[in-house]
Amino acid sequence: MNSPHIPKHIPSEGYIPQSRQREKPRKDYKWIGKNMKRVEDPRLLTGQAGYIDDIKLPNMAYAAVLRSDRAHARIKKIDVAKAKALPGVLLVMTGEDAKKVTGPTAQFASPPVVQYCIAVDRVRHVGEAVAAVVAENRYIAEDACELIDVEYEDLPVVVDPEQAVHSTGDAVLHPDRGPTNLAYRKTFSFGPVDDDFAKADRVVERRLRWARSGAQPLETVGAVAEYHSGTGKFTVYGNSSFVNYVGWLVGASLGVPAHKFNLIPVTTGGSFGSKLFTHKVLTLTATLARACGRPVKYMEDRLDNTMSCDNHGSDRIYYCKLAVKNDGTILALKFQVIDDYGAYLQFGYGTHGNSLCQIVGPYRINSVEMELVAVLTNKCQQGAYRGFGSEVTNWMVERMVDAAADELKMDPFEIRRKNFIRPDQFPYVIPTGNLYDSGNYPAVMDEALRIADIKKWKDIQAKGRAEGRCIGIGVATCQERSVFSATEFWSLNPLDTPGFQLTSSPESTQIRIDPTGNIQVTLGSPFWGNSPETIATQIVAEQFQCDPGNVNIVYAGTDSAFNSTGPGGSRFTVMIAGAIVGASVKLKEKIRRIAGQMLESSPGDLEFRDGKIGVKGVPGMEKTIGEVALFAHYFRLGLPDGDEYSSGLDASYVYDHPLTTMPAADRSHLGIFYPIMGHMCHMALVEVDPKTGKVKILDYVAVHDAGTVVNPMTLAGHIRGGTAQGIGSALYEHFYYDENGQLLTASFADYLIPTLDEMPAQIRVGHVETPSPFTEYGIKGGGEGGRMGAPPALTRAVEDALSRYGIRVDELPLTPRRVRSLVRATEQRQGRTPGI
Amino acid sequence: MSAVKVNVRVNGTAYAREIEPRMLLCDFLREELELKGTHIGCEHGVCGVCTVLVDGESTRACLLFAVQADGAEVRTVESLAKDGQLSPLQQAFRENHGLQCGFCTPAMLMVATELLEHDPDPSLEDIREAVSSNLCRCTGYFNIVDAVRTAVAMIKEGKQ
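Those protein sequence lines, which keep their order, are chains A and B.
1 is the number of the first residue of the first sequence in this note's numbering; add one for each residue after it.
1 is the number of the first residue of the second sequence in this note's numbering; add one for each residue after it.
So that you can see chain A by itself, here it is in the shape it has in the complex (with noise of 0.2 Å):
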């Protein structure tokens, strides 16, 4: 490993914790890196999938739930008796009631904004819950919402964020917390910010405006729960993929300890971020079913979800100034940034912890400054979306760097190149204390331009423009940080609110051979739409060498798995390697002890080999897995004394975060807690018709260097999903409230997820491989990719396109009405007829 760059401000002094890594990345893998079909498709392919919303229990029934209307209001009554009348309904609740026997649901806020699973005294947003309730079906529980009335008394509504900063009176969301809808303000100073800015040539600087959009998974959000009255534990299956890190908090707003909670994975339908907790749910189904005597479920309707749940994305204005000098060279990024939280404040400040941990891009950047403005407004909360605010960041600081290079007037990629840390520097720290763990940029981008075959692009460019038409290229170049710790969660908290020790997030598994020698892989972390059981299968085929045929994948709920943080972060491929590693190194052990017995061979000369173990050197003289699990199963008494001979084949191991330090004490830099550090090459060809304002894609390329690749097919499935997301994030999607905080944009119909239609002819996926040397086998994270490039490098390219017109975009997303807007504000500033 190279000589580490700490910035001065931080202590280098043993800074870099040793590397925890057993397996070396090498070249002649037999499974990793390979194009294994997946192994979840056959039941998805099927339609046996198991998901929520297919669970059906003995004398279940069914809940709705009815959701305010208006933005902010006091309630003042609710009367239910209409529908507690209705045929079929058994059970009205109401805010007060389910109070009485529950509590507030679980945050990660300090200090606390109270929430409950049904609103109680105000409503704080559209669509937030007012009552439920529980009949034999679905659409009796839904007539008699109808049925319920509900008085109440308007609030002034806060929906502009910037406005909200001087909330007052009647206007303030959450009085208890004080007399403002400023949930926090604080300024994070990494490195010499004034000194850099002091020695800059020029300072760009630019109002940025990132809208919000969300994840909306084509599942929504359900629960199905049971209360046992005999034991006073409740059964619970969701789609929440927390189940194993805090699933127990959701029995601790219901009053129950732990082991009184068992929550249980289900196949889930997709989440991108936005099923990380699903707490809501699961708090309030499980609530019903305690109050009704029986197993009820709840499914989101799609209007349930766009208007109330996890998955409203970031939502910021960015006041930005980036200092530069006249050759190019970077040197120190300053900005404030508003971000409109809505009404509850989920997951803290998270979002811009986790910021912080790439913040400077994959650029040498000297130093940072940070005062975060962080806004309670009548919107639905913000979640988790593929991102989790780094992809805002990503969009920030690429056009900081477009804007540097449009002011002096330099070629995009050059100046991206001119300030890459090189890859003789990593190990990396950045201002924000955060180490990059390792990297290769410009070979990314000349990947990158290889496939996109940049003369081409530019040909076609300067062809089109002699046509007259709107021909842009646009290249971001961005980090893509892996492996959450939770340190992102809290570090960022106020010194004086409850703080937090190190905090790993860690990832289990258990592996027990049968005696037939097949190996079943336990996993605390559920399917939600990644590819768990190929990879675990591929890892576990590789440390056996077995044929993947013999593995099977089960998922364990809060009952029986050891701890696991589930996927999220881009964390599990790495995460779910490391606990394999671990358990498979002590399997392995025991196999080797018991066929050294077998062999009359010392353990350590024996190898596994294709399905076997064998003495090394010596074909021929070797037991198949099988025949040593059943000897291990049943014939112990045939073994040596000793408990490393006790009946079975079975090992767990649980998996800590590979490399997590604390923050400064006085924030001055935050440790590391993001280091798994992918990076990606985006490149878009665009052509904009300025008379419609339709952005069409006509080419586009990703690069991603992810380390060492498991399952090349899924990580570019990722990258392609994943910039899909990107640009609908970019061009089309937007949670819109108008100035009454409606939503407009509810359904599907005007919340524009993109089709077909809206694809380039293809995305062309490239991979360059930077091994992490702290990860086994050097794998890095990739599953947030796509999203995380994809919209800098289409601003760009739509700005490209329109250079001719001189317009700036400061502002997504980039819908043919905002680009028209763009292009007519040009038209009637420089006196041209204006058009449509």
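The set of hints was computed from the structure by calculation and includes no laboratory data.
Take these hints with a grain of salt, some might be off.
Unchecked claim - When the alpha-carbon atoms are kept at most 20 Å apart in a straight line, the in silico SDA-like pairs for lysine to any residue are as follows: (1) K37(A) x G84(B); (2) K463(A) x E687(A); (3) K56(A) x E300(A); (4) K56(A) x E31(B); (5) K696(A) x L124(B); (6) K56(A) x E34(B).
As the list claims (entries may be wrong) - Some chain B residues close to chain A (C-beta under 10 Å, calculated; not the full set): (7) T13; (8) V54; (9) S58; (10) F93; (11) F103.
We put the CB at the ideal spot given by N, CA and C, even for glycine.
We have chain A; now place chain B onto it with these hints.
Okay, now just chain B, sitting in the frame of chain A:
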């Protein structure tokens, strides 16, 4: 609400049920017949994850009352695999990684089934036109298009 009779053939089996006239076809399939392969995504006809074939035509099962399918032949994803063998389309989806979470997949398979029944040798544009009727949030659609193209080739070669 009084029940009405509905007679419908689903995947080759005749069913007679008494149901509320307002019951949606998607709920009928899922709740009355326990065919869970037809999913529900938006209930306003946009996403298409509930798509089934009614008398051979792709149909949003969330926009049709079950009684409107009286006398019709309905086909769902459960009809595709035979004797435990994936159909060529299903195999092609797997080979091309045409699915991730799988929630839109049954509907995509039915859309593609309709397409290939109408035209066993569709152009790329025809395939794109068919796939563009439904939403997928995971894949970006590219591998779905490739899967349908692969299936066309497999069927042509008589591969199963």
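Interface hint compliance - S58(B) to chain A, C-beta minimum distance less than 10 Å: violated, 15 Å
Given pair status - E31(B), K56(A), alpha carbons within 20 Å: holds, 9 Å
Minimum beta-carbon distance criterion (10 Å), F93(B) to chain A: Given a least distance of 6 Å, the restraint on F93(B) holds.
Proposed interface contact between V54(B) and chain A, which counts if any beta carbon pair is under 10 Å: violated, 17 Å
Distance restraint between K56(A) and E34(B), which requires alpha-carbon spacing of 20 Å or less: holds, 10 Å
Agreement of K463(A) and E687(A) with the hint, judged by alpha carbon distance not exceeding 20 Å: The hint holds at about 12 Å.
20 Å limit on alpha-carbon distance, applied to hinted pair K696(A) and L124(B): It holds: about 19 Å lies between the C-alpha atoms, which stays within 20 Å.
20 Å Cα cutoff - pair K37(A), G84(B): This hinted pair holds, its Cα atoms lying about 18 Å apart.
K56(A) paired with E300(A) [C-alpha distance capped at 20 Å]: holds, 16 Å
Agreement of hint F103(B) with chain A interface, Cβ distance less than 10 Å: holds, 3 Å
Per-residue hint verdict: T13(B), partner chain A, C-beta under 10 Å: For T13(B), the interface hint is violated, since the closest Cβ of chain A sits about 15 Å away, which is over 10 Å.
Consistency with the previously given hints fails for numbers 7, 8, 9, ordered from lowest to highest.
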